[in-house]
Structures are given as C-alpha cells and as structure tokens.
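Here the protein sequences line up with chains A and B, keeping their order.
Using full-length UniProt numbering, the letters of the first sequence correspond one by one to residues 1 to 735.
Using full-length UniProt numbering, the letters of the second sequence correspond one by one to residues 1 to 735.
What the hints contain is simulated information worked out from the structure, not anything from laboratory work.
Some hints here could point you the wrong way.
Put simply, identical chains are the same to the list, so a pair is met inside one copy or across any two.
Unchecked claim - No farther apart than 25 Å at their CA atoms in a straight line, the calculated lysine-lysine pairs in the DSS-like style are these: (1) K155 to K433; (2) K720 to K470; (3) K552 to K155; (4) K251 to K654; (5) K367 to K636; (6) K251 to K131.
Protein chains: 2
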Amino acid sequence: MAKSRDATQSNMDVDYVLVYRFATTDKPKATSRFEQLLHKLASVGLATEVRNGENHSLLVFARVASEQHMFGEIYRSRVRDWIHGVRPAEPAREVRASLEQEPLHEAERLRIIYQLITNPESEGGAGITPKKGEWECVESIFALHDHVYNKEWIKKWSTQWLLSPEDLDEIRNRMGEKIAYYFAFTQSYFTFLLFPAGLGVLCWAFLGYFSSIYAIGLSLWCVVFTEWWKHQEHDLALRWGVNGVRHIETKRHEFKASMSASDPVTGEQLRIFPATERLQRQLMQIPFGLAAITALGSLIAICFAIEVFISEVYDGPFKSMLVFLPTVILSTGTPLLSGVMTKAATRLTDWENYETESQYERAMTMKIFILNFITSYLSVFLTAFVYVPFGSLIVPYLDVFSLTVKPFAENEQQITSPKDPGQFTINPSRLRKQMIYFTVTAQIVNLGMEVIMPYLKRQGFIKIKEMQSKRTAKQTSGNTQPPPSLEDPPEEKEFLARVRSEAELAIYDVYSDLREMVTQYGYLALFSVIWPLVPVSFLINNWVELRADALKICVEMQRPTPWRADTIGPWLDALTFITWLGSITMSALVYLFSNDGVGPDGQPSDIKGWGVLLSIFFSEHLYLLTRWAVGLAISKIDSPGRQKERRDRFAVRKQLFETSLDQTKRIPPMSEKAEEITRSALEDEERQSTLRSASPQERFWQRQRNWRESALIGKTFIEKAVPDVEESAKSKKEL
Amino acid sequence: MAKSRDATQSNMDVDYVLVYRFATTDKPKATSRFEQLLHKLASVGLATEVRNGENHSLLVFARVASEQHMFGEIYRSRVRDWIHGVRPAEPAREVRASLEQEPLHEAERLRIIYQLITNPESEGGAGITPKKGEWECVESIFALHDHVYNKEWIKKWSTQWLLSPEDLDEIRNRMGEKIAYYFAFTQSYFTFLLFPAGLGVLCWAFLGYFSSIYAIGLSLWCVVFTEWWKHQEHDLALRWGVNGVRHIETKRHEFKASMSASDPVTGEQLRIFPATERLQRQLMQIPFGLAAITALGSLIAICFAIEVFISEVYDGPFKSMLVFLPTVILSTGTPLLSGVMTKAATRLTDWENYETESQYERAMTMKIFILNFITSYLSVFLTAFVYVPFGSLIVPYLDVFSLTVKPFAENEQQITSPKDPGQFTINPSRLRKQMIYFTVTAQIVNLGMEVIMPYLKRQGFIKIKEMQSKRTAKQTSGNTQPPPSLEDPPEEKEFLARVRSEAELAIYDVYSDLREMVTQYGYLALFSVIWPLVPVSFLINNWVELRADALKICVEMQRPTPWRADTIGPWLDALTFITWLGSITMSALVYLFSNDGVGPDGQPSDIKGWGVLLSIFFSEHLYLLTRWAVGLAISKIDSPGRQKERRDRFAVRKQLFETSLDQTKRIPPMSEKAEEITRSALEDEERQSTLRSASPQERFWQRQRNWRESALIGKTFIEKAVPDVEESAKSKKEL
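Let's have the full structure, built from the sequences with the hints guiding it.
Put into structure tokens, the structure is as follows:
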C-alpha cells in the first residue's frame with residue numbers, strides 16, 4: 001500500500017466505506033440504528049469516522065484499529081483452509097511467522113475485513129448485512145479504488161499484447177480470485193482463438209463456407225479448449241491456494257430453515273431445509289423452462305416469420321419501412337420479456353431456498369443460461385434448421401400476414417402469394433448475414449453499450465442533478481438542503497467528493513461478463529462453420545474486451561469485494577454443454593449445406609433424413625470419444641502448481657508417518673536376531689510342552705528346531721529325490 | 001481361529017504353505033536356494049517346518065514366530081492407510097490399543113503375512129516372488145483351507161434364500177475384499193434382477209416380444225442398477241475400511257524401468273518408464289483390436305453364413321448332419337482363436353510395462369472385454385442387424401457355398417438358389433432361438449463346466465496317477481521313488497495328505513467369475529427385449545451360481561490369498577459401456593421388430609433408415625439424461641458408512657483445529673474491550689501526531705475519537721437532513 005503517495009490520490013487508509021441511507025426511516029430509529037452500527041463495527045476492532053453523504057445518507061469510513069485482532073482472524077482463516085484441505089501445508093504455528101512466510105495480499109486483507117463486517121455474530125463478525133433485515137439502511141459496503149494503481153493497470157494493459165500469468169496474479173492479489181478467474185478465462189480463450197482464426201482464414205480463402213475440414217478442426221479445438229481449461233482452472237486454484245474453497249462456504253443469510261435436525265456427523269442441532277422439499281420446488285423449473293421457451297421462442301419465431309414474409313414475399317407499399325418492423329419488435333420485446341423472465345427466475349431461485357451462495361449461483365446460472373440460449377441462438381437455429389430445409393413448405397403459409405397488410409396493398413399483385421412451393425426460392429445468404437450480424441455487429445454494439453453508454457448515462461445524471469439543484473436553489477433559496485460537501489473540511493474536500501461519486505457507482509457482477517464470453521463461445525462452437533471468419537472477429541473483439549472490462553471495473557463500478565473461487569463455476573458446465581451440442585449442429589450444418597449434398601444455392605430436395613441423422617450420430621460419438629481421449633491426455637500433464645501441492649502433502653504425510661511410527665521402531669529389527677528369537681521362542685515352547693501333554697500342533701512345530709534344521713532335512717529330501725531323476729533319465733535312455 | 005477343534009481337521013496353526021519344486025534344478029543349486037529360502041523366511045519372523053511333497057517338491061510350512069513383529073507390521077500398515085486417507089480415523093497411538101480397538105481379522109492377518117513373504121526386502125519383506133527370477137523354484141504360496149468353516153459356509157448358504165450384509169462381511173473377513181466384492185456384486189445383481197424378471201413375465205404374457213414398455217423399463221433398470229452399484233461399492237469400501245487402497249499400491253515385480261529420474265515431489269531417485277513410451281506401446285492396442293475383430297469376427301460371420309445357408313437354402317444330402325457343421329467349427333475354433341488372442345493380449349499387456357498391479361489389470365481387462373464382447377454378442381448382432389434387415393439381399397450371395405456342396409448334391413434342385421430376393425424368406429424365430437440358447441442353454445452348460453468338469457477331471461487325474469505308480473512299481477520294484485507319504489509321521493499323515501492335495505489345486509481368479517457376470521449382464525442389457533424371459537432365467541441361474549462359486553472356491557481351488565480392493569475395478573467401466581450400448585440396441589431392436597414397424601413375420605420393406613436412427617438418437621440422449629438424473633439422485637443418498645466416515649474425519653479435523661488455534665486464543669476477545677483498545681490506540685496515534693506534523697491521513701482519522709463521537713456526529717447530520725424531508729413533503733403537499 002502506497003502510504004507515501006500524493007495526498008490528493010490517497011485513500012486516507014480507509015479500508016471500507018459504508019453508505020448509511022436514512023431517507024425512508026424515521027429519525028429516532030435512524031439514529032439508534034446508526035449508533036448500533038458504529039458500536040458493532042467497533043466491537044470487531046474497526047475504527048470509524050463519519051462524514052456527510054449525498055441525499056440523506058451518511059458515509060461511515062472504517063479501518064482496522066487493532067492489527068493484532070485482524071491477524072488473528074487471518075490466521076484462523078488460514079488454519080481453517082488447511083484443515084479442509086484447501087492449503088496443502090500447515091501454516092506456521094506462530095501467527096507472525098505465518099504472516100512472514102506468506103505475506104498478506106490486499107485481496108485477502110479486504111476479504112477478511114469484509115467478512116469481519118458481514119459475518120454473523122456467532123462466527124465472530126459484526127453481522128451487518130447490507131440492504132437486508134434490520135440493516136436495510138446500510139445501502140452498500142465497498143472499498144475505495146486505488147486510483148494510482150488503476151491508472152498504471154490500464155496503461156500497462158493497453159500497451160501490452162498478451163497478458164502474462166503475473167498480470168493475472170496481480171489481479172488476483174487486488175480483486176480476488178473470482179474476478180481473476182474471469183480474466184484468466186478470457187485470456188486463455190483469446191490465446192486459444194489464434195488457432196481457429198488462422199484455420200478460419202485459410203478455409204474461407206480456399207475452401208469456402210461449410211467446409212467439413214473447418215468443422216472438424218474447430219470441433220476438435222473446442223474439445224481441447226474446454227478440457228484444457230478444466231486443467232488450467234485447477235492449476236490456477238493450486239497456484240492461488242484456493243483449491244476446494246467451495247466446500248467451506250458459510251450459509252446464505254437468506255436461507256430459511258424449515259425444520260431442525262441433529263447433524264449425524266457433528267451431533268450439533270442444525271436448522272435445515274429438507275432436500276425432498278427443495279426438489280419439489282425445483283420441479284417448478286420445468287414449467288418455468290417451458291414458459292421461457294414458449295414466450296421467448298414464439299416472439300422470436302413470429303418476428304422471424306414476419307421478416308421472411310416482408311423481405312421475401314411482400315412487395316407492397318412501405319416495404320422499405322416495414323422491413324424494420326421485426327427488428328423493432330424484437331429489440332423492444334426481447335429485453336422486456338427476458339427482463340420479466342429473469343425476475344421470475346430470481347424469485348424461483350430465491351424460493352428454492354439454497355443453503356450456500358454457490359448452490360444459489362449454480363441454480364440461477366442454469367436458468368439464465370436457458371434464457372440466454374433462446375435469445376441468442378434460436379433465430380440462427382430457425383434459419384438453419386427450419387427456414388432453409390423446410391422454407392419452401394412453410395413460407396406459403398405465411399399468407400396469414402397478407403391479410404393484415406392487405407389494406408396497405410394497392411393491388412393484389414403486390415402480395416406475391418406463392419401457393420406453388422416451387423415458385424418461392426430460399427434466400428441462401430440469409431444465414432450468413434445473420435451470422436455476421438451476431439458475431440460482428442452485435443459484438444461491437446455490445447462493447448459500446450458496455451463502456452460508452454454508462455459513461456454517457458452518468459454524465460447525463462450529473463448534468464440533471466446540477467440543473468435540479470440550481471432550479472431548487474432558485475425556487476426556494478432558504479429552505480433547501482445545503483449540498484453535503486458544504487461541511488467538509490477543506491483538505492478532505494477532494495477526497496470526499498471522490499468517495500461520494502464512487503458511492504453512486506454500480507456493483508460489478510463478474511458473472512454477467514462471463515455470460516457474455518460463454519455466449520460468444522456458443523456462436524463459435526455451434527455455428528461458425530457458416531462463416532469461417534467468426535473466430536477472427538472474436539479474436540479482435542476479445543483483445544479489446546479484456547481491456548474494456550478492466551476499464552469498466554476501474555471507472556464505472558465500485559471497487560469489487562474480493563471473493564475467492566476455485567472455478568468459473570456453473571459456466572464450465574455451460575461450456576461443456578455447448579461443445580457437445582456443437583458436435584451435433586456442426587455436422588448437421590455441414591451435411592445440409594455443403595456442396596455435395598444440396599449446394600448453397602437452394603432447393604434441399606436431395607437432403608436425406610437418415611443422412612443428417614447418421615452424420616449427427618457419427619459426429620457426436622466421435623466427439624464423446626475425443627473428449628474422453630483428450631481429457632485423459634490432458635489429465636496426465638503435470639504442472640509446477642500440482643507438483644508443489646503434492647510436495648506439500650508429501651511433507652505433511654511424512655511427518656505424520658514418522659511421529660506415528662515412533663513407537664514401532666522400538667521393536668528390534670528382525671534381520672539377524674530373528675533367528676535367535678525364533679530359536680528361543682521354540683525352546684520356550686518346547687519347555688512348556690514338557691510340562692503338559694503336547695497337542696498335535698505343538699508336536700508338528702517341534703520336529704525341526706530352527707530354519708537350519710529345516711534346511712538340512714530339506715537337503716536330505718532333495719538328495720533322495722534328485723539322483724532318482726538322473727537314474728530314471730538314464731533308464732529312459734537305455735530303453 | 002478354532003484352536004480347540006478336532007485334530008484331524010486342524011491346520012496345525014500353519015499360516016502359509018510354500019511348495020518348493022526342484023525337479024528341473026541341479027542338486028547343489030536346489031539345496032543352496034532352499035537354504036536361502038528358509039533363511040529369508042526366518043529373517044522376517046516366520047518359523048518353518050519342512051515335509052516331503054509330491055513329485056520332487058518340498059512343502060515348507062510357515063507360521064508367525066514372533067507375534068510382536070507381526071503386530072508391528074500390521075500397525076505400520078494401518079498407519080500407512082490412515083496417512084493416505086484410506087482410514088478416516090488415526091489408529092490408537094499404542095500398538096496393543098490399536099489391535100484391541102480393531103481386532104485383526106483373518107484376511108488382514110493372512111494378507112500381512114503374505115506381504116511379509118513376498119514384499120521386496122527394501123520394504124521389509126522376504127522378497128520371495130513365486131515362479132519369478134531367482135525364486136522360480138517356489139511354485140506357489142498358499143494358505144490352507146479352513147475345512148470346518150467351509151462346511152458351515154456351504155451349508156448355510158445352500159439353505160438361505162438371500163445373503164445378508166453380514167454374510168458378505170464374513171467373506172471379507174475370510175477371503176479379503178477383492179473376493180467379497182465379487183460376491184457383493186453378484187448378490188446385488190441377483191436382488192436387482194427381481195424387478196426385470198417380474199416385468200419380463202408380465203410383458204411376455206401380455207405384450208409379447210419386442211415390447212417397448214419392456215425396453216424402457218429394462219433400460220431404466222440398467223441405469224439405476226449401474227449407478228446404484230457405484231454408490232454401493234463406495235459404501236462397502238467405507239464399511240470395510242478400504243476406500244482408496246488403489247492409491248497405495250506397491251510396484252509390480254515385473255515392472256522394468258527404462259530410465260531414472262528424480263521425483264519432483266519427494267526428491268528421491270526413481271526408476272521410471274516414461275508415459276510417452278508406454279503410449280507408443282499402447283497404440284499397438286489398435287492393430288490388436290482390429291486383428292481380434294477381424295479374426296474372431298470373420299470366424300463367427302462365416303459360421304453364421306454357413307449355418308444360414310445350410311438350414312435355409314441348402315436342401316441336399318447329409319443336411320441333418322451338415323447343420324451341426326457350423327456349431328462344430330465354432331466350438332472348436334472359438335476357444336482356439338480366443339486362446340491365441342488372450343495369449344497375445346497378455347504379452348501385449350506385459351510389454352506395455354505397467355507399474356502397478358491395478359493398472360496392469362485394467363489394461364488386461366479391457367483387452368479381454370473386447371475379445372469377450374466379440375465372441376459373446378457378435379452372432380446376435382449379426383442376426384438382429386444384418387440377417388433380418390438385409391437377409392433377403394445377402395442370402396442370395398451365399399451361393400458361393402453351393403459350389404462347395406455341389407459334389408454332394410444329387411441334383412441341381414436341391415440347392416435352391418433364390419436369385420430373386422422375394423423368394424427367400426427370413427426365419428423370424430432364429431433370433432429368439434439364438435437368445436434362448438445363449439441365456440438358458442449356455443448358462444447351464446457353463447455352470448456344469450465350472451463345477452462338475454473340474455471335479456471329474458481331478459478324479460480322472462487321481463486314477464491315472466494311481467495306475468501309473470502301480471505300473472512303475474511293477475516294472476522296477478527296487479528303483480522307484482517311494483511315495484512322499486512314506487516318511488510322514490503317522491499322526492500327521494492325514495494332514496499332510498490334505499496339504500498335498502491342496503497343493504495340486506488351481507489358483508482362483510476372481511476376475512474370470514466377474515467377467516462371466518458382466519457378460520451375462522450384457523445379454524440382459526443389450527438384447528433381452530428379444531425374449532423377455534431372459535431375466536427369469538438369469539435370476540434362477542445366479543442363485544445357483546453364487547452357491548456354486550462358493551463351493552468351487554472351497555473344493556476346487558487353493559485358498560485364495562486375501563487381497564484388498566475398493567471397487568470391482570475395470571469391470572465397472574464395462575458395465576457402464578454395456579448399459580450405454582444397450583440404450584442404442586434396445587431402441588433399434590424395438591423399432592426394427594415391433595409389430596408397428598415390420599411385424600416379426602418377415603419382410604422389412606417398411607423399415608426406414610431415418611426411423612431407426614431417430615429412435616436411437618432419442619433413446620441414447622434419454623439414456624444420458626436419465627443417467628445424469630439417477631446418478632445425481634443416488635449421490636444424495638446417505639448411508640451409515642458415509643456418515644461414520646464423515647464423523648471420523650470431522651473428529652480429526654476438530655482436534656487439529658483446536659491444537660492449531662491454541663495460540664490465537666491468547667489474543668483477548670474483542671467484544672467489549674474493543675472500544676478501549678480502539679480508544680487507546682487512537683490516543684496513542686494522537687500523541688504521536690503531536691510529535692511530528694500530522695499527515696492528512698492522521699488528521700482524517702483524528703476528527704472523531706471513538707465510535708460514540710462518530711455516532712453523535714452522525715446524529716447531527718441526520719437531524720439536519722430529516723426535518724428537511726418532512727418539510728419538503730409538506731411543501732409538496734402545499735403545492
């Protein structure tokens with residue numbers, strides 16, 4: 001932490017800022033709650049300062065008052081990690097030594113302090129849960145941006161072609177593993193894209209569209225990429241010392257137990273929610289999924305049909321304007337509908353009542369993935385697998401629309417109604433155009449929306465606020481609340497202004513960025529054979545995306561709380577699913593559209609149902625086989641992280657083994673003394689046997705005194721037997 | 001151990017018998033080796049007695065001389081288990097206490113002693129490797145049957161309908177986990193068979209053959225069974241305390257290292273065989289597999305074609321005899337060919353040079369599974385998917401055979417050569433007949449071969465031997481070697497005779513029995529829709545099989561060395577593979593043969609390629625989905641074994657956590673004292689700040705002394721802001 005920096009850039013050693021908003025609470029309650037808040041913070045060893053905030057809010061600055069206390073907390077967290085197997089090596093038994101061995105990085109420090117503030121009191125925290133229950137006045141808890149570092153970061157990344165592992169470590173040290181995983185994934189994906197980009201350019205130049213070579217190459221690449229990422233993910237988890245953190249999660253605050261039972265393992269009384277009841281609730285996902293598919297699906301299908309009708313059947317007036325109609329319907333309807341659906345999904349997931357954050361996230365991600373899948377890919381599916389093969393059968397039925405446009409038509413001729421299927425010809429470039437739209441235009445628009453829109457929006461808000469305050473100042477000059485900055489000490493003015501503006505920023509959600517990447521990967525894995533330049537577009541886009549996301553976090557978002565993670569979580573399953581599905585769609589596309597079968601010029605009369613199915617069957621099983629083989633091969637790859645982990649575990653084992661076996665070493669080794677022991681033991685037995693009548697067992701074991709005697713007797717047996725062999729051999733010869 | 005039993009039944013406290021055969025070795029070498037053998041045995045604390053054996057062999061009886069030494073060895077083994085996570089709880093620190101806590105069962109004792117004898121000297125054993133290297137004279141090492149127990153066992157099982165878990169525990173205590181797993185698997189399979197047997201009878205009575213209800217029910221059952229067995233297997237591993245033993249294997253004696261490298265984990269110098277080189281050798285499996293398929297496949301296909309030709313085309317002389325020709329060719333050719341192939345597989349696996357026994361077994365099992373798959377299922381595959389659908393196209397080409405039979409034919413008429421495809425009609429009952437043969441006749445024959453044949457064979461050998469010795473005695477009365485029993489002490493006569501006969505017995509291979517079960521499961525999962533009574537036949541067969549195998553082990557095999565295992569190993573993969581394939585074959589069979597499509601009465605002219613493929617596509621994906629869901633559901637099932645394991649692990653963790661955190665407890669808790677600390681810390685800081693000019697940070701944090709002051713200031717802010725809200729609300733109302 002740069003303590004020596006320019007004072008205007010300094011964060012005043014603040015660890016966390018809490019925004020306390022009391023606009024909707026009555027005064028006495030607001031005051032007592034606030035007192036309680038500060039008391040709670042002090043009770044976990046945090047010093048506080050209060051300043052005035054924007055719009056009926058207070059800013060509470062918190063920092064660690066007793067480093068000793070926090071160190072204890074860190075040490076406890078490290079020991080817990082070790083016990084649960086997250087850390088392979090035991091932390092040094094002495095707190096200071098442990099911290100010297102492994103210095104605290106900023107993300108760990110901030111995470112521990114955040115947990116100090118938010119963990120329930122039973123677990124040693126202050127129990128402050130922002131926006132929930134009794135703490136609904138606490139609007140947000142956030143750390144302050146380190147502007148000096150942020151500037152350096154953006155500058156460094158924008159002048160650098162590739163990100164090194166050290167750059168990722170740096171992010172992890174600053175933002176925590178969860179965000180670092182996003183950047184690591186995008187970076188791997190970016191690097192991996194080089195291969196399909198090259199392949200795509202070559203295929204585009206020499207083989208044309210729907211090349212089976214491209215499809216095979218790309219599918220193979222997809223398998224290698226997903227399997228390799230699984231390997232890489234585990235590697236990073238080991239490198240960052242977070243492997244297995246998903247198993248030591250605390251309960252969600254929102255979890256509601258319905259009954260109590262005693263834990264069969266620990267014997268504690270636990271408040272639980274029975275899995276069977278949750279399963280019943282989870283079954284609601286089926287109607288939810290069907291509703292989502294029906295609603296979003298029919299919206300997209302209808303717009304698709306209208307579009308086809310207008311652009312290819314209809315020829316009446318306003319055509320040039322009407323072609324935009326489906327786009328307008330889609331671009332207003334889809335966000336609306338998927339907004340409603342997302343809300344429904346959130347409520348459903350809340351109702352499913354998960355115990356831990358990661359279970360909740362997994363369930364939520366699955367639902368979001370379904371919605372996203374429909375909105376992103378359905379229209380391409382419709383074009384490829386409905387419009388092109390069955391277009392000439394379906395399009396004539398689009399006549400329904402001609403009833404609605406009839407009033408506009410000047411004469412019947414304008415609505416060419418191709419009753420004869422042969423008359424209508426399919427527009428073969430539609431699929432490609434759609435693909436280019438989704439993989440180039442939409443990506444650029446999206447990037448713009450992500451970076452530029454929020455900036456403009458914020459500037460707009462500031463302008464509006466300024467105008468509002470000017471107006472109110474004009475209207476009622478005496479009665480107006482003074483701006484909060486009025487009472488700031490002059491030397492803190494700049495700092496507080498910065499904090500106030502950071503308090504207004506949005507909270508960064510890393511999963512939405514991950515979703516974007518996975519969606520993009522979907523276009524590549526499912527459809528890119530349509531237009532082999534897709535990976536080139538993505539390659540360029542992702543280079544910018546990585547930097548734009550860094551910029552977004554620095555400028556448009558509050559500094560994210562550093563959470564730990566050991567995986568990109570449920571999105572990994574989405575990747576695997578997409579890759580699998582890709583093996584089906586790619587082969588079907590190649591069969592349907594490659595020159596041998598139909599030719600891209602139209603009539604699919606030669607398409608054979610069994611041909612499509614057979615190519616899908618082979619492709620899918622080839623995919624499964626390849627995945628197995630690639631997975632096996634990659635699992636054999638060793639890495640420094642894995643080696644270190646095994647080394648640590650080995651050291652622990654060795655030590656345990658040695659302490660445990662201390663006492664067995666006291667038994668004399670059996671090498672040469674064994675004989676004496678055997679002899680004496682036997683002699684003892686013999687003596688005993690003279691005392692009482694010997695049992696058959698005893699007599700059996702007393703015939704030979706020791707191994708030398710046994711060997712002698714064995715020798716006589718051999719002597720007797722072997723000459724016999726020689727003689728019988730001789731006698732045989734004589735015969 | 002029944003020490004008090006009838007002397008004639010007693011095993012004389014013998015732990016192991018070693019058979020030392022010196023027939024092919026010259027005398028001095030035989031003698032010195034023998035001496036060395038006894039010396040080595042004595043050096044690991046075993047007492048020995050020597051007696052004469054059959055045909056130039058010596059019987060070495062070994063028993064533990066120093067219990068103390070063996071206890072040490074057992075304790076070491078238990079600690080090693082604990083360290084590697086096989087045992088969840090640490091064994092008591094004192095050897096005696098540990099043995100009292102968990103008494104030694106016979107299998108553990110025998111395993112430890114066997115390892116004492118065979119482990120390399122570097123690992124504390126005697127290094128005696130039967131039939132290998134310098135110990136090739138040591139023909140076998142085996143424990144003696146406990147005849148009293150065996151009699152009870154067979155008696156109990158043959159009067160009992162179902163085997164209880166305690167019966168399985170008993171087997172595990174006697175024979176070790178590896179064999180117990182076979183019985184546990186067969187028992188589970190037997191119990192599970194009740195459902196398909198019931199379903200099969202119902203479907204057979206009411207729905208006829210090729211019922212889709214039966215197919216769906218059975219496929220579902222297959223999925224549940226395999227997934228449940230995985231769960232059960234893990235449960236048993238926990239119950240028997242062997243979970244994870246596959247990870248602590250020692251190296252195979254036969255392993256040949258090609259280079260040495262230092263272990264990145266332990267730093268030791270290791271002799272290794274590089275994985276890349278092994279991979280190159282493993283690639284030879286591809287030509288091996290192809291050769292196996294070609295050789296066995298063409299044998300079976302040719303016999304199949306001959307059979308079809310003779311029984312359905314040919315009508316010449318000797319037909320009644322010629323129909324047996326393919327059976328004769330098959331039943332002589334298949335064992336010969338698969339014998340050659342098995343030998344090739346063994347040599348290939350040896351050459352692949354695996355480091356551990358389980359890797360070796362896995363590789364070997366895979367090859368055996370391929371061979372077995374072809375010999376068992378190929379002919380049914382041919383009937384179902386070649387003969388029936390394409391029969392009318394292919395059969396006319398069987399004319400080739402008519403050239404060979406022409407000499408026998410009396411006139412041209414007898415060889416009905418149906419050039420016209422319509423003329424030839426398919427024999428629809430062929431498939432069912434084949435199925436009945438494989439699932440009833442072959443099973444009974446097999447059972448007979450397994451139990452009765454070896455008995456007859458052994459009786460025959462004894463007779464031959466008696467005759468031989470009589471003859472030699474007549475021929476050269478002086479020169480003959482006396483029978484080995486001549487020198488036996490009279491009281492040991494009976495015992496030694498028993499040992500000599502046990503020494504002649506075969507070694508039990510549990511994997512061949514497992515293979516038999518998995519093959520049987522294959523008929524059920526792949527084809528049983530052809531004849532729904534298959535599970536009934538298997539149900540009856542397996543009840544007998546379980547008892548017959550017990551009898552086989554007791555009577556016809558040497559007492560097996562008790563090995564540990566935590567799974568049925570590679571056969572589990574075979575089960576999963578078969579179940580998967582079953583989802584394909586079942587749906588195809590139902591589509592091809594059910595009454596709707598073709599009718600079992602012949603002409604498959606209505607069969608559509610895309611129909612078959614589509615039903616396969618749906619069925620397979622339904623299978624994958626079901627497997628996922630069933631696997632998920634079963635993984636949620638808890639069991640006493642799992643709970644105990646977690647309880648043990650929790651106890652260990654708790655203890656570790658408490659010792660590790662001892663020192664952090666010395667930090668005073670922060671509840672109420674925190675305030676004082678905060679205050680004093682701040683006062684300290686203040687004092688320091690007066691000494692030197694305060695930095696902005698210091699001044700920032702000194703504005704409010706403690707949380708009470710912050711709370712007061714917050715209150716004033718709230719006071720100022722809240723009335724404003726009320727007033728503005730008022731003013732709004734006024735407007």
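Next on the checklist: Could you work out which of the previously given hints the structure breaks and list their numbers from low to high?
Outcome noted: Structure breaks hint 1 only.
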